[in-house]
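K.L.:
Kindly generate the complete structure, drawing on both the sequences and the hints.
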Amino acid sequence: MKRERSRLEDLEALEAFHASVTRRDVLKYGVGAALSLSMVDVLLAACSPAHDNTTASTSKTPTDTLVVAVEGDIDTFDPAFTVGSKPAQTTIQNTFDQLTQYKHADKTVAGVSFTGVDTESIEGMLAEGYSTSGNQVIFTLRQGLTYNDGTPITAQIIEQGYRRIFEAQGISYFLLQMAAVPDPSHIKALDDRRVAITMDAPNLLLMKNNTMHNTSALDIKDVKAHATSSDKWATDYFKKNLAPGNGPFMLDEYVPGDRIVLKANPNYYGTKPKLAKVIQKIVPDAAERELLIKRGEVDMIMVPPVQDLNTLKQDSGLQVLTFPNPRNLFLEMNNKMAPFDKKAARQAVSYAVPYDSILKDVFHGYAQVNRSIIGNGMPSSDFSTWNYNTDLKKAADLLASAGFAKGQGAPPITLTVRADWQEAERAAVLIQANLKQIGLNVSIQKVAFAPFNEQEQGRKLHMWIDEWLSWVNDPWYHMSWNVSSTSPTNYVSYSNPAVDALVSKWTLSLDKEGRIQGSKDAQKLVIADAPHAFLVGPNWNVVLRSNVKGYVYYNDELNRYAYMYKA
Amino acid sequence: MGSTRLLLYAARRLLFIVPVLLVALFLVFALTRIVPGNPVDRVAGPYISNERRAELKHIAYLDRPFYEQFALYLRDLSHGNMGTSYTTAQDVSKDLRQRFPATFELVTYAMLFAIAVAIPLGIAAAIKKDSWIDSVARAVSVLGVSMPIFWLGLMLLYVFFYFLDWLPGPVGRTGSATVFIKPITGFLTVDSLITGNLDLFGQVVKALVLPCFTLGFVAMAPIARMTRAVMVEVLQSDYIRTARSLGLPFRVVVLRHALKNAMIPILTIIAAVYGYALGGEVLVEIIFSWPGMGQYSYNALLSSDFPAIQGFVLLVTLLYMVIYLFLDIANAALDPRVRY
Numbered sequence: 000m001k002r003e004r005s006r007l008e009d010l011e012a013l014e015a016f017h018a019s020v021t022r023r024d025v026l027k028y029g030v031g032a033a034l035s036l037s038m039v040d041v042l043l044a045a046c047s048p049a050h051d052n053t054t055a056s057t058s059k060t061p062t063d064t065l066v067v068a069v070e071g072d073i074d075t076f077d078p079a080f081t082v083g084s085k086p087a088q089t090t091i092q093n094t095f096d097q098l099t100q101y102k103h104a105d106k107t108v109a110g111v112s113f114t115g116v117d118t119e120s121i122e123g124m125l126a127e128g129y130s131t132s133g134n135q136v137i138f139t140l141r142q143g144l145t146y147n148d149g150t151p152i153t154a155q156i157i158e159q160g161y162r163r164i165f166e167a168q169g170i171s172y173f174l175l176q177m178a179a180v181p182d183p184s185h186i187k188a189l190d191d192r193r194v195a196i197t198m199d200a201p202n203l204l205l206m207k208n209n210t211m212h213n214t215s216a217l218d219i220k221d222v223k224a225h226a227t228s229s230d231k232w233a234t235d236y237f238k239k240n241l242a243p244g245n246g247p248f249m250l251d252e253y254v255p256g257d258r259i260v261l262k263a264n265p266n267y268y269g270t271k272p273k274l275a276k277v278i279q280k281i282v283p284d285a286a287e288r289e290l291l292i293k294r295g296e297v298d299m300i301m302v303p304p305v306q307d308l309n310t311l312k313q314d315s316g317l318q319v320l321t322f323p324n325p326r327n328l329f330l331e332m333n334n335k336m337a338p339f340d341k342k343a344a345r346q347a348v349s350y351a352v353p354y355d356s357i358l359k360d361v362f363h364g365y366a367q368v369n370r371s372i373i374g375n376g377m378p379s380s381d382f383s384t385w386n387y388n389t390d391l392k393k394a395a396d397l398l399a400s401a402g403f404a405k406g407q408g409a410p411p412i413t414l415t416v417r418a419d420w421q422e423a424e425r426a427a428v429l430i431q432a433n434l435k436q437i438g439l440n441v442s443i444q445k446v447a448f449a450p451f452n453e454q455e456q457g458r459k460l461h462m463w464i465d466e467w468l469s470w471v472n473d474p475w476y477h478m479s480w481n482v483s484s485t486s487p488t489n490y491v492s493y494s495n496p497a498v499d500a501l502v503s504k505w506t507l508s509l510d511k512e513g514r515i516q517g518s519k520d521a522q523k524l525v526i527a528d529a530p531h532a533f534l535v536g537p538n539w540n541v542v543l544r545s546n547v548k549g550y551v552y553y554n555d556e557l558n559r560y561a562y563m564y565k566a
Numbered sequence: 000m001g002s003t004r005l006l007l008y009a010a011r012r013l014l015f016i017v018p019v020l021l022v023a024l025f026l027v028f029a030l031t032r033i034v035p036g037n038p039v040d041r042v043a044g045p046y047i048s049n050e051r052r053a054e055l056k057h058i059a060y061l062d063r064p065f066y067e068q069f070a071l072y073l074r075d076l077s078h079g080n081m082g083t084s085y086t087t088a089q090d091v092s093k094d095l096r097q098r099f100p101a102t103f104e105l106v107t108y109a110m111l112f113a114i115a116v117a118i119p120l121g122i123a124a125a126i127k128k129d130s131w132i133d134s135v136a137r138a139v140s141v142l143g144v145s146m147p148i149f150w151l152g153l154m155l156l157y158v159f160f161y162f163l164d165w166l167p168g169p170v171g172r173t174g175s176a177t178v179f180i181k182p183i184t185g186f187l188t189v190d191s192l193i194t195g196n197l198d199l200f201g202q203v204v205k206a207l208v209l210p211c212f213t214l215g216f217v218a219m220a221p222i223a224r225m226t227r228a229v230m231v232e233v234l235q236s237d238y239i240r241t242a243r244s245l246g247l248p249f250r251v252v253v254l255r256h257a258l259k260n261a262m263i264p265i266l267t268i269i270a271a272v273y274g275y276a277l278g279g280e281v282l283v284e285i286i287f288s289w290p291g292m293g294q295y296s297y298n299a300l301l302s303s304d305f306p307a308i309q310g311f312v313l314l315v316t317l318l319y320m321v322i323y324l325f326l327d328i329a330n331a332a333l334d335p336r337v338r339y
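Residue numbers (numbering that gives the first Met the number 0), protein chains in the order written: chain A, 0 to 566; chain B, 0 to 339.
I should point out that these hints are in silico values taken from the structure, not numbers from a laboratory.
Simulated pairs of lysine-lysine, DSS-like, Cα-Cα distance not exceeding 25 angstroms:
(1) A:K341 with A:K405
(2) A:K405 with A:K392
(3) A:K102 with A:K548
(4) A:K548 with A:K59
(5) B:K181 with A:K239
(6) A:K220 with A:K231
(7) A:K342 with A:K435
(8) A:K239 with B:K93
(9) B:K93 with A:K231
(10) A:K459 with B:K56
(11) A:K392 with A:K342
(12) A:K273 with A:K565
(13) B:K181 with B:K205
(14) A:K523 with A:K504
(15) A:K239 with A:K85
(16) A:K519 with A:K504
(17) A:K273 with A:K262
(18) A:K273 with A:K548
(19) A:K445 with A:K435
(20) B:K181 with A:K238
(21) B:K56 with A:K239
(22) A:K85 with B:K93
(23) B:K181 with A:K59
(24) A:K223 with B:K93
(25) A:K231 with B:K56
(26) A:K262 with B:K181
(27) A:K548 with A:K565
(28) B:K56 with A:K238
(29) A:K85 with A:K548
(30) B:K93 with A:K238
(31) B:K205 with A:K59
(32) A:K445 with A:K459
P.N.:
Below is the structure:
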């Protein structure tokens, strides 16, 4: 293509454009804009305190509809596989029932009273009851159960559902294996209504592991309808398609990146939900979720910015619910990398951590003191042998005894935090300052979620902050994942044969007293070895509009909308 | 004859798109693999066996040298396979199809707003040079190019949603709606009208106001400045002076003679800004929780979701080139001096 003058004209015009915006213009209008916008800021700031404390607007959503701002999109709709997305897990939990569930219980933990669950007390859900005999548990299904497409739920379907979990190697495969149910031959339909699960060794974990949403059984008819020659269990299909469920809600609509809408299941066998619809809007930014609930645009948010919770509490239109739980916030130290391959160096770090500042200045009181691998609220939690109160003198002495007096000879340390986690970054800054005082030079590295996970799982991180909450409220379940030297999630590569022996001995034991004492013994060893520093136990926080009722705290921290309603 | 030449030219330009796409793809392919993190480790989690992890990497070609990975990606692409996203677990092409309408609707309305304001403002500023309206045009331009888009979006949200409560918050395309419709075209303003759902239409329009203004304001600056600069030059031309001395009405002189001749650079800048907006409205989508391609690509970047990042770059590059193709054709229609 030839152009005779047009290109030249374009250039001239562009030059004219650049020439027309002079430095004087930029300064003149820039300063003017900055001043005027600052005035807007000042005006808004002047007006905002009253606004912050008493939200003028009421809830804008219909009374039969709960609008929830959720943190992200789904990872998969396949119950057997979802591990990384709370909105996906919540959707599955509300659309599928399991064989059994925990009973509700009024609880008081760390001075906070709430309705939660008694994890030692299990009742029927799809099963009207169960009986245990030796190493076998027999579940008897309720009469007339159906999936929401009308297909009857029989014991044979439940058996096939479990078979799929094993064959496709979903996450619940590991949960069942941990409970001595190694393969699908251990799960049998005895007749149309009775399913038997046989353990290789009787244990207390099976019934707890089996309450998780990951054990939800899909209808084999749907699985077969979407199976392919290379994907016998239709795992690809169910990643993006929710199978017909049997829970109190049904999926009404899923718009990727925007919303997941649930509607009440009219044929639900249990107590009918009071809400007709639940709209889960995807709002990844915590500050925006906070604005939305303050203005009544949504009824419920989770994971609010911790530093704003005390302000939100003053708002008469809102309820701030905070749930102490056994979550561990760890300062992780790679036990295979210097200087943390020496116990004294790890202990030195444990003495140097400013625990009180992290509790008060980072979590503003919305966290509990945590002094052990087994946090407060989990059976057998024992803080009695922990003695790492912040003491920089002791820390320096221990560092010297490890051969790194005043940090000399210690390699530079990189403390890695996830870029999307403000609290971890703030805690890292406080830790960095204290470690500098004992001679350890720490640089803080922020990385995105994906590379963080990759490096953590590859045991490539040197020092980092992470958290762990066990969905099963059992000390040996928790320790199996975190301190057993063979655990795939023992990212610090901690290894103590005595601890391993205790894990082997007690994880599947039926001796309740022995398990408690064994757990205390193991905690003592872990505290002494200091593979991680136990920073705090952050609470689970939820903010609701004042007219929203019925929230029940479950250990998996997934919302159960069936109990919720609006006044 | 002219139309044949035009078709030949368009065909040549279409062919030219291929090497440009290859270069763009190569660059993004290389960059995604230099950055630490790989999607298989993220998706697989800690629980699977090393054998299964290796198998997954093999399926995704991640166990092969870089050049082989690139060649295999091109082979799949030539069969219409853009790969499967690790974040959404479905075909990238399907992901992009689902999210494109949200982005296209937002960018199109933002551009219409920007053009509707910027061109008249630029013309007025050129006619009334150094007057108050010229100052307004300069102020808009300086603010548009200097104000960070995320800051503008957040401030608008704070004022018009949180403080004044006139417009919905950052909850995506449907604002405060609690009743939805099945998409027909994917453009919610259109779909809500087709289905006669005026309540939803109102919510959708309200939800569009702030993101469109945010994006439109930034897009407005270069268009207004370009319009002003070119119109000032054109209005000083001999033929304009001649037209005016012949007694033609000023409106006719400006709109029919001056503006038409000034349109080529203005169209060029509009095309550039439109292309930029399609690929660069990521921040706007994040701020307003807008379920479009921008947010998709942002999540893909955070998750090291290679196929999704590559698919996004491929589509945006393609769109950019198609826009420029249309621009050149439009230039030809406007300017008889343009030959092929």
